[in-house]
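As a plain string of letters, each chain reads:
Protein chains: 4
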Amino acid sequence: MIRVVVTGAAGRMGREVVKAVSRTPGMQLVGAVDPGHTGQDVGLLAGIGPLGLMVRDDLANVLRETEASVMVDFTTPHAAVANIKTALACGVRPVVGTTGIPQEEIEELKKICREKRLGGLIAPNFALGAVLMMHFAGIAARYFPDVEIIEYHHHQKLDAPSGTALQTAEIIARSRQGGPAEDRTEVEKLDGARGGNLEGVRIHSIRLPGFVAHQEVIFGGLGQTLTIRHDSTSRESFMPGVIMAIKKVLELEELVYGLDKLIFG
Amino acid sequence: MIRVVVTGAAGRMGREVVKAVSRTPGMQLVGAVDPGHTGQDVGLLAGIGPLGLMVRDDLANVLRETEASVMVDFTTPHAAVANIKTALACGVRPVVGTTGIPQEEIEELKKICREKRLGGLIAPNFALGAVLMMHFAGIAARYFPDVEIIEYHHHQKLDAPSGTALQTAEIIARSRQGGPAEDRTEVEKLDGARGGNLEGVRIHSIRLPGFVAHQEVIFGGLGQTLTIRHDSTSRESFMPGVIMAIKKVLELEELVYGLDKLIFG
Amino acid sequence: MIRVVVTGAAGRMGREVVKAVSRTPGMQLVGAVDPGHTGQDVGLLAGIGPLGLMVRDDLANVLRETEASVMVDFTTPHAAVANIKTALACGVRPVVGTTGIPQEEIEELKKICREKRLGGLIAPNFALGAVLMMHFAGIAARYFPDVEIIEYHHHQKLDAPSGTALQTAEIIARSRQGGPAEDRTEVEKLDGARGGNLEGVRIHSIRLPGFVAHQEVIFGGLGQTLTIRHDSTSRESFMPGVIMAIKKVLELEELVYGLDKLIFG
Amino acid sequence: MIRVVVTGAAGRMGREVVKAVSRTPGMQLVGAVDPGHTGQDVGLLAGIGPLGLMVRDDLANVLRETEASVMVDFTTPHAAVANIKTALACGVRPVVGTTGIPQEEIEELKKICREKRLGGLIAPNFALGAVLMMHFAGIAARYFPDVEIIEYHHHQKLDAPSGTALQTAEIIARSRQGGPAEDRTEVEKLDGARGGNLEGVRIHSIRLPGFVAHQEVIFGGLGQTLTIRHDSTSRESFMPGVIMAIKKVLELEELVYGLDKLIFG
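Residue numbers (the UniProt record's numbering), protein chains in the order written: chain A, 1 to 265; chain Y, 1 to 265; chain G, 1 to 265; chain X, 1 to 265.
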């Protein structure tokens, strides 16, 4: 039985983690930490009925008393770094989805893990499907240098392109051999019709109500196209990745960055 | 039996028309005209084996001798206008796919048809699916003001967006009630990522080898999207529209512009 | 200002209606009825904060006291019929999304509406996009007799094909001229690979976690395909249809069945 | 400069190979063999204008006189085995797309290659995109056990499902850990709606005019789907795979079966 403590337990992602861990065989939710919600039943917060487990704000004590194996953290960069350090000091392995942790902090945390021979994971994207899409795009780019990306998000997203689209384009640009595909002369009758251009990879951003988060990577070759598409319709899509990480960090002896590293080495 | 004469019979579209008419029950190919290929068997030119019908260059004689009912013309603007006038003088109904005929010529041809009470059709796009897509887009735009267009063509196409995409956007803009959908503030991290903008309709042009000619019109609403997509993979896609037009012009007493008018009135 | 009363206000659909009506300019939520939740604030139930409007169980009184113009009902067949009769007796126009009302009850309700010259609507599907998809499919089938349907739903849906797929196939079969498309000889190496067959329209049902409710109608012709696709990702997708219906029933003098009738006559 | 001889040079695939090799830098078409077309210019047969290279029927002589490095064979099983043996006897490496060669013949050819330390490739599918699709499907199946396949072909294809779909399903079934995904109870209102079932993988075959050869593999997980799609629109799609193989067999010292083995080892 893997004993799990969740930090940021009352947040949007934290509540999903509470639900996911509670219903996974072989795991037990043994502690929940969230300074703003101490004393509340974490099951009620997550909408799955009372679990008899109250939210606390003293992480170190919780980790020790519960003899936790893994801490899952979806909080803020500042809080996450402190939480990870506390966990490592207690010999507990961190699985972290908090984004925006500075690179130098990550390096320091890696060093601590190496010294203590403790496994851990920090990943900006826990959606297995998105991770696979990017991995496959990197492989396909070796054989199909001509490629464009279309990403579809709800109309309230304020930035374009999405972070995932930019990251995918970077992976493709690095993977493509012999430089980007040849540029063709064009008459662009409408400014912007051919999309944005990141290192020779065209990116098109669709914004419409009704979409959640979707991306298509289209590779073109003589007489054929190969398309890899990921559709995400809810926050639940991150949970299988989190559950897998909880299991895998137990076998690690270092801090890994990126779910893809955990999967593809 | 509808007796059909084809002009521009040795051209890429003309040969398709020869094939299509030859295999359509209720129609007979009675004449073929193409100044550059006189004396050649039109069936051999079209790749369907000898038909015993030789290409000629004297359209008026061909139309009279064969007692033709309909002339199908895919040639050049200049040749087409002359051919149509010859046909009308002989009481033969024209079905014309030649693009680029000047508006004033079309008006004059319309006048001749009205006087002679002869039906005829000039259409820039004979692909039934594309015509239906544009028709449906016009209807859907009344209920879903939020819409974007993605068009996909082979990488050797030099202009973007495609003519069909621009025409679809115009139909949507005219059909949409109460002005274009509200514009949202955006951080465009990559110039052009949000596509081109024609009267508030975003258009995205994908150019990759492996594509032929494809278009998607995506309407977004609360919790739903409605997508209309047309995929064209060969020149044959125009033939059902040509065959339909050959039948329908027999019932007309005027010159109609656009296959959509023939279909939806 | 259109004065609206919602029945089944605490149900899944009722709560969406409460939210939608509350935020629509030109409409006012004046009453909410749901026998199991009397005394509760309907805004709190709908998750949009207190509205100061309490749920009641005496529909006739609510309709009279609030001088309602329209009643929206998403309940059960039995309750719906009673609610509609009460509404009509009070001169209030019903907009009804309850499914399963017997045909003979509908006929009787139609008769009452005609006598009282009161407008009303009963519709099994309020998703505008789905209604448009079916309408377009009926038109396209006249020109493309070759067509197949693919529907995608979550893996917990117990029946296949979906009701919408069956209804779409029926519309296509009625609309298609000259009988269904010719049947080709086949070697079906795997039983069921070619899908179900409703009057010559093949239907394929995909069941996977990650899907909500999606349908694709694909028409094939020489060298081209035309695809109409509807994606529904949340119950909200029904609300624009409900709001449209609330406005349109005010202009009606009879009971209409099906949102398509309201839209396309 | 890689010196290439093409057998079956006048066939549909052979002519594509002639075109592809002729326009690839670093390669030279030095011989063409096809018993039914001896004495004809192979460039004229391929539709690319005269190459001054006549088709012959004496393969052994051609291979020796031209000092060929690679022989490309798209013929029939019987002819292919003889051609490969002739090639190996002359120290020429075979690249073979002929399908249906019996397993015992392949084993014998493998033995000859090992003894002579000569590289060679026999592959039933040279479309790089299809090979990648199957490879990716095998990887994704480890993380997403729930998966269905949809394949789309022209209406004249007589068998269903396609060979590629069956092969993909087998790859998925082998790759999936812990057995196939749980089977849910269903009410199949229309027989066959849920498709064919190969070792727990559902396959749906669409047959419509307008399609060429397309396949979609859809993986479903909590709140997400991952789709891998290959669209093939012409025989040209096999050429990049053939060209790659011509280069790679020069580095091999054994006979490899399947383009995937060449790519992914």
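Hints were generated in silico from the structure; no laboratory data involved. Please read these numbers as outputs of a predicted model, since none were measured by experiment. Keep in mind that the hints are not guaranteed to be accurate.
The list makes no distinction among identical chains, and a pair is therefore deemed to hold if it is satisfied within one copy or across any two copies.
[To be verified] Subject to a maximum C-alpha distance of 25 Å in a straight line, what follows is the list of computed SDA-like cross-link-like pairs (lysine to any residue): (1) Lys261 / Asn61; (2) Lys189 / Thr99; (3) Lys157 / Lys189; (4) Lys189 / Glu199; (5) Lys248 / Pro209; (6) Lys116 / Ile171; (7) Lys157 / Thr76; (8) Lys189 / Arg117; (9) Lys247 / Pro145; (10) Lys247 / Pro209; (11) Lys116 / Thr227; (12) Lys19 / Pro124; (13) Lys189 / Gln103; (14) Lys189 / Thr76; (15) Lys248 / Ser175; (16) Lys85 / Gln28; (17) Lys261 / Glu67; (18) Lys111 / Thr38; (19) Lys247 / Arg142.
Hints, one by one, checked against the model:
no. : hint            : result
1   : Lys261 / Asn61  : neither (32 Å within a copy, 54 Å between copies)
2   : Lys189 / Thr99  : between (39 Å within a copy, 19 Å between copies)
3   : Lys157 / Lys189 : between (27 Å within a copy, 13 Å between copies)
4   : Lys189 / Glu199 : both (23 Å within a copy, 14 Å between copies)
5   : Lys248 / Pro209 : between (37 Å within a copy, 24 Å between copies)
6   : Lys116 / Ile171 : neither (32 Å within a copy, 41 Å between copies)
7   : Lys157 / Thr76  : within (20 Å within a copy, 38 Å between copies)
8   : Lys189 / Arg117 : neither (59 Å within a copy, 40 Å between copies)
9   : Lys247 / Pro145 : between (37 Å within a copy, 18 Å between copies)
10  : Lys247 / Pro209 : between (37 Å within a copy, 22 Å between copies)
11  : Lys116 / Thr227 : neither (43 Å within a copy, 41 Å between copies)
12  : Lys19 / Pro124  : within (20 Å within a copy, 34 Å between copies)
13  : Lys189 / Gln103 : between (43 Å within a copy, 22 Å between copies)
14  : Lys189 / Thr76  : between (45 Å within a copy, 24 Å between copies)
15  : Lys248 / Ser175 : between (27 Å within a copy, 20 Å between copies)
16  : Lys85 / Gln28   : within (22 Å within a copy, 54 Å between copies)
17  : Lys261 / Glu67  : neither (28 Å within a copy, 48 Å between copies)
18  : Lys111 / Thr38  : neither (32 Å within a copy, 60 Å between copies)
19  : Lys247 / Arg142 : between (32 Å within a copy, 15 Å between copies)
Violated hints for the displayed structure, listed by number in ascending order: 1, 6, 8, 11, 17 and 18.
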